[in-house]
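Engineer: Residues per chain, in single letters:
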Amino acid sequence: MKSDKNIKTKKSMIDILLDLSPVIGACIGILIGACFVSLWGIHPGTFFVELLKGAFGDRLAIGSTLNSAVPLLIAGAGTAIAFKAGANNIGQEGQLFVGGLAAATVALLIPNLPKGIGIPLILILSFLFGMAFAGIAIFFRLFKGVNELLITLLLNYIGTLLVSAMVNGPFKSTTNVSFPQTDTFGGQFLLTNWPTMGYMHTGIFVAVAIIIITGYYLWFTPAGLRLRTAGLSPLASETAGNNPTKIFIIAMFISGGLCGIAGSVEVIGRSDCLRQGFGTNIGFESLAVALLGGTNPFGVLPAGLFFGALKAGMQTMQRSLGIPSALLDLIKGSIMISIMVGNAVKVFIKTNNQKRQMKKSHELAASKEKEASCQ
Amino acid sequence: MNVTVLVEYLNSTIRVSVPIILVAIGVCYSERGGVYAMGSEGYMLISAFVSVVTMIYTNNHFISVLAGILSGMLVAGIFSYFTVILGADQVICGLGINFVMLGLTSSLQRLLWGVTGIPRIPVMNAVEIPVLSKIPLIGSMLFNQPIPIYLTYLLIPLVWWIMFRSTWGLQLRAVGENPSCADTLGISVRKTRILGIITGGAFCGLSGAVLSLSQVQTFTENISGGRGWFGLIAATFGGWNPLGATGAGLIFGAAESLQLRLQIMSKINISSYVILMIPYLVALLFILFIGKSRRHPAAMGKFYKKY
Amino acid sequence: MKRKVLSAIVAMGLVLSMFTGCGGGQEAQSEGTAEESTTQESSSTEEDTAEGEKTDVKVALLLSGSANDHSWNQFGYEALMKAKEETDVEVAFSENVKTADQLQAIRDYAAKGYDVIIGHGGAYEDDMIKVGAEFPDTQFIVVAGGKGADPNVLAVDTAPWQYGYAYGWIAANITETNKIGFVTGMEGVSTMNNLVGSWRDGAKTANPDVETTAVYIADMGDVAQAREAAMSLKAAGCDVIIHELNAGMQGVVDVCKENGIYTIGRSESDVEYAPEQILTYTVFDWGPKYVDMVKKVVEGEISGGTYFYGFHTPDTPGFTFTYDADNGWNPEIVSTEILEKFQTEVVDLFAADPIREYTAEDAASGTK
Chain A
1 MKSDKNIKTK KSMIDILLDL SPVIGACIGI LIGACFVSLW GIHPGTFFVE
51 LLKGAFGDRL AIGSTLNSAV PLLIAGAGTA IAFKAGANNI GQEGQLFVGG
101 LAAATVALLI PNLPKGIGIP LILILSFLFG MAFAGIAIFF RLFKGVNELL
151 ITLLLNYIGT LLVSAMVNGP FKSTTNVSFP QTDTFGGQFL LTNWPTMGYM
201 HTGIFVAVAI IIITGYYLWF TPAGLRLRTA GLSPLASETA GNNPTKIFII
251 AMFISGGLCG IAGSVEVIGR SDCLRQGFGT NIGFESLAVA LLGGTNPFGV
301 LPAGLFFGAL KAGMQTMQRS LGIPSALLDL IKGSIMISIM VGNAVKVFIK
351 TNNQKRQMKK SHELAASKEK EASCQ
Chain B
376 MNVTVLVEYL NSTIRVSVPI ILVAIGVCYS ERGGVYAMGS EGYMLISAFV
426 SVVTMIYTNN HFISVLAGIL SGMLVAGIFS YFTVILGADQ VICGLGINFV
476 MLGLTSSLQR LLWGVTGIPR IPVMNAVEIP VLSKIPLIGS MLFNQPIPIY
526 LTYLLIPLVW WIMFRSTWGL QLRAVGENPS CADTLGISVR KTRILGIITG
576 GAFCGLSGAV LSLSQVQTFT ENISGGRGWF GLIAATFGGW NPLGATGAGL
626 IFGAAESLQL RLQIMSKINI SSYVILMIPY LVALLFILFI GKSRRHPAAM
676 GKFYKKY
Chain C
683 MKRKVLSAIV AMGLVLSMFT GCGGGQEAQS EGTAEESTTQ ESSSTEEDTA
733 EGEKTDVKVA LLLSGSANDH SWNQFGYEAL MKAKEETDVE VAFSENVKTA
783 DQLQAIRDYA AKGYDVIIGH GGAYEDDMIK VGAEFPDTQF IVVAGGKGAD
833 PNVLAVDTAP WQYGYAYGWI AANITETNKI GFVTGMEGVS TMNNLVGSWR
883 DGAKTANPDV ETTAVYIADM GDVAQAREAA MSLKAAGCDV IIHELNAGMQ
933 GVVDVCKENG IYTIGRSESD VEYAPEQILT YTVFDWGPKY VDMVKKVVEG
983 EISGGTYFYG FHTPDTPGFT FTYDADNGWN PEIVSTEILE KFQTEVVDLF
1033 AADPIREYTA EDAASGTK
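Protein sequence lines correspond, in order, to chains A, B and C. Heads up, the first sequence is in the numbering used here, so the first residue is 1 and it goes up one at a time. Heads up, the second sequence is in the numbering used here, so the first residue is 376 and it goes up one at a time. Heads up, the third sequence is in the numbering used here, so the first residue is 683 and it goes up one at a time.
Same shape as in the complex, but just chain A:
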């Protein structure tokens, strides 16, 4: 039809700006933070400079940015898969804690493993532990009809306490009794740190690999398509012959397992033993990263890096500016909300634009018909 040509989506300046709305949202959030920081007598310019210095200023900063990002990327990718399939897994925290526990289990119970087996075994076991936790939620959902949102939330607490109990009990350190933690793991279990690269650890490669794998799985395989369909329209998925239960199980297992890996990578990359409370907050942050990245593993990459930069930058900034750490939470929250609102506004404007364009083209078509009929 002739009128089709008139419905063109031109990439105008506004469109590009709208595409960048997550970035704009982030900037707004940081601006809000700067406003608050000024109440402590700190110039916003200083605030930005220190923030950037803390995130990218020197090798140490970049190293800690990447290190902070690693667990967020891995758990974020896992969460993305779950949400894309319509499974509400908010148990990242619990799953990553038991993932860390898995690392301790291997390192402490089989300390004499040769190099090259230790780390892969830890990754596998932490995946399994995370799966187990997700499995509990699966069980309750399938046999008791309880939404996994609730169960995974409960399991967060249980996972954290489980680690505390183990670290204060059977796994307790024999050398250092001043903090609840385990004995130091043998070197073969730890990820390599590069002091010259700001103490960055190899976990970043694991994270990127996982992102690529999960992204490929989700977008380029039939299995991934099934998952996405199930999330977008359970009805369509079932009509197409997919088994919703199977899809749900797969999604939950994968996301739980990946969160478990996130936990163990954090333990063997960032430190050398399992400590009480090692993953506090990381769970919810990775949930935020997954959602900020549009529940898409490829989106999780920039979102996770951004969040990692934010965390690293804010901590260093807090040290150098002496602002209360509470402001960091304020800034984090403002950024999250701003980005989401930005997304929403973008969608709003886009649909309005589309509506207007459709209206215009219909009017055009109607007037042309009128012309034709008049002649």
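What the hints contain is simulated information worked out from the structure, not anything from laboratory work. Possibly wrong hints are sitting among the right ones.
To be verified - Capping the alpha-carbon separation at 25 Å, the derived lysine-lysine pairs in BS3-like fashion look like this:
(1) C:Lys-1050 <-> A:Lys-115
(2) C:Lys-1050 <-> C:Lys-764
(3) C:Lys-861 <-> C:Lys-829
(4) C:Lys-977 <-> A:Lys-172
(5) A:Lys-53 <-> C:Lys-977
(6) B:Lys-566 <-> A:Lys-346
(7) B:Lys-677 <-> A:Lys-346
(8) C:Lys-740 <-> A:Lys-172
Said to hold, decoys possible - To spell it out: a stretch of chain C is covered by chain A in this simulated footprint if at least three of its residues, at any positions, have a beta carbon under 8 Å from a beta carbon of chain A; those stretches are:
(9) 788–794
(10) 842–855
(11) 882–895
Computed from a prediction, not measured in an experiment: that's the story for all the values here. Where a beta carbon is used, it is the ideal one built from N, C-alpha and C, also for glycine.
Keeping the supplied structure of chain A fixed, place chains B and C upon it in accordance with the hints.
Structural biologist: Just chains B and C now, kept in the frame of chain A:
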């Protein structure tokens, strides 16, 4: 176990449960309308802060509680603008609100009172109800509590009635299940949802005020300490029904109080961390043996566009 | 989808380059609660420098909690300020340092050239030892926990087993129900083991019939939880409740005030608030200790290992029991006879034999 200990335990159960129950009721309202109420911790925090500060300046419990409730409603209102009107993601905005309120209240406390922190406020004493409190066991458990707890007793049947017997309650539930259908019937999806969210904020606000004014008697950083999440769990657990949520809240309160007493009574050396798991394990076991299907409102989390 | 991601990355890059472009070198004067700007005057005059003495000493402090938690972390913060006052050093501090970020924070300070890095809490021990090996000229100090490491990681503490013992001994002497309680957190950590274990030991030594009950709560800053713990101890019959908490201690004091139970405080304001229930408040005064430690570094001395302050170091007392200007303990409750016995049976005991260790078993939750 002697009677004093038992009575004290029951008394404590009520004390611990009430803030959780109030949050749970708030969550029920918000989520029945189809909006995730992830921001409950945030509403509790801002309310606790505002009510304590108001108390310091007015020395009047009633006004302080009111101020707390209003602050919760205000923040909930802002949240509802972002999510219902603009369509921003509900879960992230809710989590964001939690972070923002945590940071805001802690920072304001530091800014205004420096490192010494907010001073103590006068105690909100328990008020004994004359005849009823003499009933053995139940009397001291239920009728020897501070006034806001009595208020809660009255609120519970009221909120149940509003949700299931009033017109607005019906509209709220309809909007949560099938907003387009409700829209066709002429119900304003936006208005109903916003009202539901703000009511939720009011209850979370009341919870925060109760916590800070009658149980903590000051404001400390992160005073809500996860009770918002407990409330969320209790609401889900209770099937988004105020009565169910109350029951769930009571179970949580009982388990939470129990784990402290268990530490005292146990002669076996159980790690306190294991004992701390009890409330959560109890919740799971409960669902396992008694829980039935709890499908959340069908339209939960989805943004409803009004063309 | 991919285009969106790509454009986001490009945009972020643009935005960032924008900032690094302007921003310049504005180092504003920050009126913050903590440090002095790094562009401060550096007074390194030749005459003031003695042999080996350091000038422009910079001291950094790491706190796991908030600097205004009315308790542990606040002690550290105030001590830092005291050290700054008395020794004129440059100071900086970090609060709410999460476990995962400790290592990076310590390294950051060390790399920035801080001479003394203090970790206020046993959690820092391992990370300090690690970074300590990389920066041999920096003094690392772990407060309250650990064994330190030569040559430059010092573990400092106020002998918890000494004041724990004192608490237990006094409590057992004044109790009328023969039931005393302890509310704290972090079960299993060595400081707590020593504190609670010695409390039990002191109590039983003074009065073999006394029943000692310890309750551990999850969050040392949670006032409501502490309150519930104290109420449960009261219901069990305790008439003396000792505590070691952060902000949560307010809950215990409130309950004790409401029910006429004896307890301890953390500051003068507690004595004002509940004069009849407070037995004492223990002034740990980390200030003089920080000053002591910083001075040593200024004089060029770096030490490792452990160092305890306590009854055996009367010049820089580990802890001072204070009730009011004239009394260490509440004179209405703790009689002069008891105090005399206290001197011989507790103070002198430890002055002669200062070091002890208690196990997790000794400090286990529950009643013994």
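Engineer: A separate judgement is required for each hint: does it hold in the structure or not?
Structural biologist: Right, here's what the structure says about each hint:
Our distance criterion of 25 Å between C-alpha atoms is broken by C:Lys-1050 and A:Lys-115, whose separation comes to about 47 Å. For the proposed pair C:Lys-1050 and C:Lys-764, the alpha carbon gap of about 41 Å is over 25 Å, so the pair is violated. For the proposed pair C:Lys-861 and C:Lys-829, the alpha carbon gap of about 34 Å is over 25 Å, so the pair is violated. Simply put, C:Lys-977 and A:Lys-172 have alpha-carbon atoms about 36 Å apart, too far for the 25 Å limit, and the pair is violated.
Pair hint A:Lys-53 plus C:Lys-977 does not hold up; C-alpha atoms about 32 Å apart against a cutoff of 25 Å. Proximity of B:Lys-566 to A:Lys-346 is assessed by CA-CA distance (about 23 Å); at most 25 Å being required, the pair is judged to hold. Between the alpha carbons of B:Lys-677 and A:Lys-346 the distance comes to roughly 17 Å, so the proposed pair stays at or under 25 Å and holds. For the hint linking C:Lys-740 to A:Lys-172, the alpha-carbon distance of about 35 Å lies beyond 25 Å, and the restraint is violated.
Interface restraint, the segment 788–794 of chain C with chain A: holds (4 residues with C-beta to C-beta distance below 8 Å; minimum three). With 0 residues bearing a CB less than 8 Å from a CB of chain A, the segment 842–855 of chain C misses the requirement of three and the coverage assertion fails. Here's how the segment 882–895 of chain C fares: 0 of its residues keep a CB closer than 8 Å to some CB of chain A, so the rule of at least three is not met and the hint is violated.
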